[in-house]
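Protein chains in written order, with numbering that gives the first Met the number 0: chain A, 0 to 141; chain L, 0 to 247; chain B, 0 to 126.
This list has only true hints and no planted wrong ones.
Pairwise CB distance ranges (calculated):
id, chain 1, residue 1, chain 2, residue 2, range
1, A, L41, L, D182, 32 to 38 Å
2, A, L41, B, Q41, 21 to 27 Å
3, B, A96, A, L82, 30 to 36 Å
4, B, A70, L, Y114, 47 to 53 Å
Stretch-level coverage of chain A by chain B, calculated; a stretch enters the list once three of its residues show a Cβ under 8 Å from a Cβ in chain B:
id, region
5, 33 to 45
6, 50 to 61
7, 64 to 71
8, 91 to 105
Facing chain B, a subset of chain L residues (Cβ under 10 Å, in silico):
id, residue
9, P160
10, V161
11, R167
12, R204
Read the hints as simulated data drawn from the structure, not as lab findings. For every residue, glycine included, the Cβ atom is placed at its ideal position computed from N, Cα and C.
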Amino acid sequence: MASPTVEPRRPTTGPAHRRGLVGWFDPRGRRLGGLAFILNRLTGLGLVLYLYLHLMILSMLIQGPNAWDDFVDIALSPPFLALDVVLLTGMLFHGLNGIRVGLVGLGVVPNRQKALLVAALVIAALVAFVGALRIFAGEQGG
Amino acid sequence: MTETVTNARTTRLVVSRRKEGDDPGALRYDTFDVAVGPSTTILDALVAIRRELDPTLTFRHSCFHASCGTCGMRVDGREGLACVTPVPTRDEVTVEPLGNLPVVSDLVVDMNVFYDEFDEAGRPLVRADDLIPECAPAEGIDQVERYEDCIECGICLSACPVAGSDPRYVGPAALAAAWRLIDEPRGRDPGPVLSLMDDEQGAWRCHLAWECSEACPSGVDPAAAIMRLRGAAAAARVRRLFSFGGNR
Amino acid sequence: MTVEKQPADRPDAGPRNAPVFVLQVISGAALLVLLGLHMVAQHFVVPTGLRYYEDVIAWLGNPVVIAVEVAFLVFVTYHALVGVRAILFDFGFSDRAERRITLLLWIVGIATIGYGVALFAAILNAA
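Excised from the complex, chain A in its bound form:
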C-alpha cells in the first residue's frame, strides 16, 4: 500500500517569524523542556560522531601493539581525558533523558515529565562529576 501523502499544512514561502533550525537553538522564551530538546539533539549527534570516531580508532588494533599503545598514551593526556568527561556527561544525559522520553512519550507517565527531566539532569550531573574525579585521578579498578 502506498504511503499516504502529507502536504505542508503551513505555507513554506512568504513572511513568517518561522524559527526553523535557528529556532531550535533560540533560547528566548525557552523553558526546561525546550532545553532538554536541544540537549538531546546535541548529545545524540555528538554520540553519533563518537560512534564513527571510535570505530575508526579501533582499526588501529590491526596495526599491532605499538600503534595502539602509542595512541593510548596520547589518549591518557589531560585534553583527551577532558573529552572523556564530555563524552560521559553526554551519554548520561542522553540515556537518562531517553528514559523520560520513553516513559512519557508512550503515555505511561505524561504528568511526570518535568520531575523525570529534573531527575535526569541531577543524576547526570552527579555521576558525571564523580566520573570526572575518577577519570582524572586515574582510578580504574572496581
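Position chains L and B against the provided structure of chain A, taking the given hints into account.
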C-alpha cells in the same frame, strides 16, 4: 475628579513591523517610547501607540481578559496573551507576532491555517467530564455543559520548535483537540481520528520539548494530551497485532 | 454560534511508520544495558582498564564478549541512525525525499555493522 497614573515610567517598545510590499526576507522593527504604569499590559501599550503615535500599527484584540485568544503574540521571545501580559520593568521590550504562521501585517498572523488544522480533529468544543465539584448546577438547572479550555489562540503552535521547522507537522493544538475527542467521544467514533493522528507528521513528530504546555495560557496541557494520544495509538496497534479488535 | 464539526474526511491518511518511535525506545532500553556492560568491561574488568593491546586482545578472544559487542554495535547503530533520521525528518521534507533518506540510512547502517564485524575479525586475525 482628575486621576493620574502613579509610578508611571517610560518603556521603549521595539515592535515588529511588516506591511504589504516589504522584503519577505527582512525583519523591520520600530521603536516607541510609551508611558506605562504598574498594571499596564502589553495590549494597553499597543493601543496607546496606535492611538497616539502610529495609527498604522496593526494587531488583533477583543475581550481584554484572556478568554478569546485573539491577542496572542511574543514579548521578548516568549508567547503570551497581550491583554494579560504586564509590560516588563525593563527599559526595552520586544514585541513580535506569533511564530510559525504567515504574517499578514505587523503583529497580525494568518490564523486560517491554524483553524483548518482543527478540522482534522473534528474540533471538539464541549467537555463534560471534569466539572469542578464545588460548582454544582444551580437549582432549576438540570445540566451544565462546559466548553473546552482551548481558546484557539495559536500560542502553542508558535512555541513549538518542531512546528518551526516542519510545515507538515499537524501541531500541538490539533493533536490536543484530537485527544479530547478520543477521551470523550460524545457519541462520535474516535477511531478515524486516532488513526489520522497515529502518523509521523501527527502525534509521533513531537519531541517532548513541552514548550506548548508551558506557553498555553488556558491550561490545556497539549503536550500531555499528545503523549496520551500516543499511548492510545500504541495500545490500538498492539490490540490489532494480537487481534483483540477495536481502535481504542 | 460555534458548532462542533465532524473530523475531516481524509481517506489517504493513516498510520505511517509510527512504530519507529517504539523501536527507538526498545533499542534505547537495550543500550542502557549493553552500554552499561561495555563500560563496566572497559573500566572494571582489568585493574588498569582495557587500555593496552594485550588486555584488549585477551578480552576480545572470548566469543561471548564478541557476541555482546556485536549486539551492542547493532543496537547502537540502529538507534543512532534512527535518531539522525528523526532530526532530518523534522525539516518536513517530501515523502519522496524521506524515502530516499531512509534508504540511505539503511545502507549506512548495514555498512557500519558490516565494517564493525569485519574489524573484529581483522583484529583477531592480526593478533
